[in-house]
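Let the hints inform the model, and build the full structure from the sequences given.
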Amino acid sequence: MSHELGRFDAAVELATRIAAGDLESRVTASDAGDELDALITALNMVAEELGHERRMRFQAEELLADELEAYERAPALFCSLDGDTFFIDKCNQTLADALELPKDRILGNSMLTLCALACQADAERLLRESVLDGPANNGELRVVTASKRTLIVATSVSRVRAANGERLRLVGKDVTTERHLEEQLLQAQKMEAFGRLSGGVAHDFNNILAVIMTASEFLRETLLMNQLPVEDAQTILDASARGAALTSDLLAFSRQRLVKLGPTDVRTSVHETQRMLERLVGAHIRIVANLPNEPVVCLVDPSQISQVLLNLALNGRDAMPGGGTLRFEVSRVELDSAAASARLELSPGAYALLAVSDTGTGMSPQVATQAFEPFFTTKPVGQGTGLGLSTCYGIVHQAGGRISIYSEVGSGTTVKVYLPLVDELAPGEPRRAETAKHGTETILVVEDDSGLRALTKRILLGAGYQVFIASNGREALEIIESSRRELALVVTDVMMPEMGGQELASVLQRTRPNTRILYVSGFTANVVVAEGGLEPGVAFIAKPFSSQALLTTVRQLLDQRRG
Amino acid sequence: MVFEVKGAEGEPVATVDAESDGTVVLVFAPGCCLDSVNCPGLVRAHIAAAAGKKRPTIADLRGLRSTTREARELGASDDVTAVTSRMALIVGNPVTRVLGNFFLVVTSPKYPTKLFNDEAAARAWLRDSE
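Chains as they are written, first to last, in my numbering: chain A, 1 to 563; chain B, 1 to 130.
Derived from the structure by calculation, the hints contain no laboratory data. Since no wrong hints were added, every one of them can be taken at face value.
Capping the alpha-carbon separation at 20 Å, the derived lysine to any residue pairs in SDA-like fashion look like this:
#1 A:K416 x A:A355
#2 B:K110 x A:E49
#3 B:K110 x B:W125
#4 B:K114 x A:A42
#5 A:K416 x A:A188
#6 A:K90 x A:E67
Here is the structure:
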C-alpha cells in the first residue's frame, strides 16, 4: 500500500510541476505496466511535448528579435503583428520614419488602422490569408502617414509561431514613387497613342479639306461672275473652315501642328488673354493676374500660348456658373532633379510657371486623370468638343514643357503649365508690306495627292503663273532637268513617296540656288522646322490653305527672291 | 529474414521480420525504452525488411516500456512512411496503450494507423485493407 501511495504521490507531484511550468521533471514508471504506470508515462510524455513546444517558441522569438535588430536600420519597413488582432508589437525605425510617427505611436495599434480606409478590407484579407497559409503572402498595402500622405507598400507577410501565440512578420518596401511613375508612363503612352491616331486622321482630313475649300472658292467665284447666289458655296467654305479649326486642334494635341517658336514674354500673352477674356466672361467672374515685374521669356509660339491660356480660362469660366475668381499667375521656378523627374518628367532647370486657377466646381480624381484625353468632356452634348485641354497638352509638350492639373471637388481647379525659360527676347520681326498676288514666274508644284495637286495648279494658273506639276521629288527633278526655263519657286509637300520635299530641296539648293522652296504640310515632325523657328530660306504654308493664303505667300517669297 | 536490432550496450530493442505475404512485423523486446539512440537502427532494419516497398506493418508494442519524442518522430518520418502502407499497433497493458495513443494522436503519422489488443484482429485489418 505504501508503495502504491508513493507512485501515486509521484504522479501527482509530476502533474503539479507541469502545471507550474516545470517541464523538465520526469518520474520513472515501475515495471508493473498498470494504470498508475500508464498515468506516469502519459504525464512524462505531456511534459516532454510541452517542453518541446516551449523551446520552439523561444527559438522563434529569438529569431524575431534577431531579425528586428537586423531590420532596425535596413531600408525595408518591418513590423511584427499579433495573428488575431493584427496589433503591432514590434517595428523598426524605417517604418516609423516612413509613417512620420514615433515608434510608441505605432506600437499597440492595429495594422489596419494605419491603412487607408478604402483599402482596409484588402489589407485584412491579406493578413488573414497569411495567418492561414503560413508561407509568405505578397500584396500591396496603402498606409497613411502622419501628414496624410498615402504610401504604397509592397508587402510580404509570413506567419511565425512565438511564445505568445501566432504572429505575423511583415516586411515591406515603399513603392509609391515607382507606382506613380508607372501610372505616368501608362498615361503618357496612352496620350502618345491618342496623338498618333488623331494626328494621322487630321493629316489625311486636311488634304480632303484643302480640296473642298479650294473647289468651293472656285465655285463661289464662278457663281459671282455669273451673278448667281453664292450662299451655298459660302456655307461649304464656312463648314470647311470649322473643320480646319478642328483638325488644327487635333494636330496641336498630337504635336504635329506647324509652329513658329520664338522668344516670348509670357506676361504679354497673359495680358492679351486677360483683355480678351473681359469680353468673354461675365461680370460675375473676377479676373486676377499676378505677374512678376521682370520678363519671363520662353521659346514658344505666342499665338499658341494665348490659345492655351484662353482654353484654360474658358474652362475655368464654365466651372463657375455662379461666379468666382479666375486667377492667372506667372512666376519663375527652379525644378531640382527630384521635383522635375518625379512628377513632371522634365529635366532639372529653370522654368516659367503659368498657373490658371478657378474657384469653381472642381473635378474628381477620376475626371482629372482623363481631362487631357481628346474628346473627353464633362460638358453636355453639343457644348464642348473635348479638345480644349488636349490641345493645351499638345501645345505645351511641343514647346518642351509639361502641364499638370490639381483639382478638388467643390473647391476649384488649378492647371499649371511649365515651360523652359530662355534668356532674352528676339528682335521683333519686320512688318511685311502688303504684296500683290499675281505674277508670271514659273512654279513647280510637287504634291502626291492628285486632287490637291490639280487645285494648287489651278490657283496658281489663275493668278498668271506658269505652272508645272509633279507627284514626287524624283519626278520633279526629272522635269527640272529637262526644262530650260528659270524656275522661280517649288511648292512641295513634305511627306511624299520615293523622294520627299526635303530631299528635293537639298538637291535644288546645290543645283538651283536661286529657286525658292515653299513647303506645304500639316506636319512638323521633320527637320525643316528647326528649334526656334524656320531655317533661313525655308517657308511653310499649312494645309488646308485658302487660295488667297497660298497666293499671298507665293508672292511674298518671289518678291524676297527679287529683292 | 529476421533482423535483430540491439541498442548501444548490446541490449535487445526489437526484432523485424518480413513475412512471406509481405507483411513486416516489428516486435519490441520486453522492457525496451525506445529513444533517439536505439531508434535509428530499428528504422534501418524496417526499411531493409520492406525492401524499399510500401508494406503492411505490425508493430507489437506489448514489450515497450517508454518512448522519447525523438523516437516517436522517427517512427513517423518520411523514411518510414516510404515503406509503410499502413500500420497496426498491438498494445497490451495500460502503459503501451498510452504509448500507442500518443503515437497515433500526438505524433500523428501520415500512413493509416490503428490500435489493436490482439494480433489476429490486427492482421485481419491489414489484410482487409489491402
